[in-house]
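Chemist: Take a look at the letters that make up each chain.
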Amino acid sequence: QKEVEQNSGPLSVPEGAIASLNCTYSDRVSQSFFWYRQYSGKSPELIMSIYSNGDKEDGRFTAQLNKASQYVSLLIRDSQPSDSATYLCAVRAYRDDKIIFGKGTRLHILP
Amino acid sequence: GAGVSQSPSNKVTEKGKDVELRCDPISGHTALYWYRQSLGQGLEFLIYFQGNSAPDKSGLPSDRFSAERTGGSVSTLTIQRTQQEDSAVYLCASSLEWQGLGGYTFGSGTRLTVV
Numbered sequence: 004q005k006e007v008e009q010n011s012g013p014l015s016v017p018e019g020a021i022a023s024l025n026c027t028y029s030d031r032v033s034q035s036f037f038w039y040r041q042y043s044g045k046s047p048e049l050i051m052s053i054y055s056n057g058d059k060e061d062g063r064f065t066a067q068l069n070k071a072s073q074y075v076s077l078l079i080r081d082s083q084p085s086d087s088a089t090y091l092c093a094v095r096a097y098r099d100d101k102i103i104f105g106k107g108t109r110l111h112i113l114p
Numbered sequence: 005g006a007g008v009s010q011s012p013s014n015k016v017t018e019k020g021k022d023v024e025l026r027c028d029p030i031s032g033h034t035a036l037y038w039y040r041q042s043l044g045q046g047l048e049f050l051i052y053f054q055g056n057s058a059p060d061k062s063g064l065p066s067d068r069f070s071a072e073r074t075g076g077s078v079s080t081l082t083i084q085r086t087q088q089e090d091s092a093v094y095l096c097a098s099s100l101e102w103q104g105l106g107g108y109t110f111g112s113g114t115r116l117t118v119v
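The listed protein sequences derive, respectively, from chains H and B.
Quick note: the first sequence uses my numbering, first residue 4, plus one each step.
Quick note: the second sequence uses my numbering, first residue 5, plus one each step.
These are computed hints drawn from the structure, not numbers from a lab.
Treat the numbers as computed from the prediction; the structure is a model and nothing was measured.
The reader is advised that the hints may include incorrect statements.
Heads up, simulated DSS-like pairs for lysine-lysine below, C-alpha to C-alpha not over 25 Å straight-line [what the hints assert, rightly or not]: (1) H:K59 x H:K106; (2) B:K15 x B:K61; (3) B:K61 x H:K106; (4) B:K19 x B:K61; (5) H:K70 x H:K59; (6) B:K21 x H:K70.
To list a few chain H residues with every Cβ distance to chain B over 12 Å, as calculated [to be verified]: (7) P17; (8) I21; (9) N25; (10) D30; (11) T65; (12) S72; (13) L78; (14) P84; (15) S85; (16) D100; (17) I112; (18) L113.
Don't be surprised by glycine CBs; every beta carbon is placed ideally from N, CA and C.
Please model the complete structure; the sequences and the hints are all you need to start from.
Modeler: What follows is the structure in structure tokens.
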């Protein structure tokens with residue numbers, strides 16, 4: 004059974020600080036890794052994709068991938084109240100038929 | 005279209021009635037997926053389509069659930085004899101290809117309430 008594990012939170016971070024969200028996955032052949040943001044009452048929105056080991060930066064967001072440790076993380080710099088949401092980690096293996104989602108980490112940015 | 009379109013956005017139905025949920029994917033996206041999300045829960049995979057074909061229906065919760073896709077575009081998820089446990093947000097997503105490496109784009113969902 005392929006699994007994606009996340010701490011459910013809530014994770015509370017002061018405004019302006021760095022928020023660090025973590026995720027582990029069980030399937031070693033996973034090749035695509037995603038972070039989705041979901042505001043309350045809204046559908047998930049893709050914010051980051053990463054395919055290779057290392058860091059990928061996009062604005063205030065940095066995704067980090069370590070395939071040897073089967074670990075993915077998302078860093079949010081200069082956290083803003085608008086970053087308060089649930090963040091879903093998701094993984095996909097090539098030639099797999101669907102993306103597997105974690106249950107999400109609830110992030111709360113404290114003004 | 006520009007995004008994944010789902011209708012209706014909200015549906016309240018009486019227990020035992022049948023409902024149809026519709027999804028119109030992004031134009032040109034060959035893969036289409038249905039998930040559902042119960043209150044405070046994660047995303048539960050239901051079924052996917054590659055073109056008009058649904059190779060794996062094992063994610064459907066019961067035989068009251070069925071789905072079809074026509075013309076490689078619009079998909080309909082049908083729930084027969086609805087039960088209260090069917091209450092959830094039903095999300096549709098599409099992607100450019102089926103067994104590729106890309107992520108999905110989700111629609112805004114249909115919130116189903118069975119009373």
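Chemist: Against each hint, give a clear statement of whether it holds in the structure.
Modeler: To see whether the hints hold, each was checked on the structure:
1. Annotation: proposed proximity of K59 of chain H to K106 of chain H holds, straight-line Cα distance about 23 Å (limit 25 Å).
2. For the suggested pair K15 of chain B and K61 of chain B, the alpha carbons sit about 24 Å apart, so the restraint of at most 25 Å is met.
3. Only pairs whose Cα atoms come within 25 Å are accepted, and K61 of chain B paired with K106 of chain H is accepted, the gap being roughly 22 Å.
4. Using a Cα cut-off of 25 Å, the hinted pair K19 of chain B and K61 of chain B holds, with the two alpha carbons roughly 24 Å apart.
5. Our distance criterion of 25 Å between C-alpha atoms is met by K70 of chain H and K59 of chain H, whose separation comes to about 14 Å.
6. For the hint linking K21 of chain B to K70 of chain H, the alpha-carbon distance of about 47 Å lies beyond 25 Å, and the restraint is violated.
7. No beta-carbon of chain B is positioned within 12 Å of the beta-carbon of P17 of chain H; the least distance is around 25 Å.
8. For I21 of chain H, the shortest C-beta to C-beta distance to chain B comes to about 24 Å, beyond the 12 Å cut-off, and the non-interface label holds.
9. Distance to chain B confirms N25 of chain H as a non-interface residue, since its nearest Cβ pair spans about 16 Å, more than 12 Å.
10. The Cβ of D30 of chain H lies farther than 12 Å from every Cβ of chain B, with a closest approach of about 14 Å, so its non-interface assignment holds.
11. Distance check for T65 of chain H against chain B: the nearest CB is about 17 Å away, which clears 12 Å, and the non-interface claim stands.
12. Every C-beta of chain B lies more than 12 Å from that of S72 of chain H, the closest at about 21 Å, which supports listing it as non-interface.
13. With a least beta-carbon separation of about 19 Å from chain B, L78 of chain H lies farther than 12 Å from that chain, consistent with its non-interface assignment.
14. Every C-beta of chain B lies more than 12 Å from that of P84 of chain H, the closest at about 22 Å, which supports listing it as non-interface.
15. Consistency note on S85 of chain H: stated as away from chain B, and its beta-carbon is indeed over 12 Å from all of that chain's, at 19 Å minimum.
16. Chain B draws D100 of chain H into its interface by the beta-carbon criterion, the shortest separation being 6 Å against a cut-off of 12 Å.
17. Against chain B, the non-interface label of I112 of chain H holds: every CB pair exceeds 12 Å, the least being about 20 Å.
18. Remark: the non-interface label on L113 of chain H is consistent with the geometry, its nearest Cβ contact in chain B lying 22 Å away (cut-off 12 Å).
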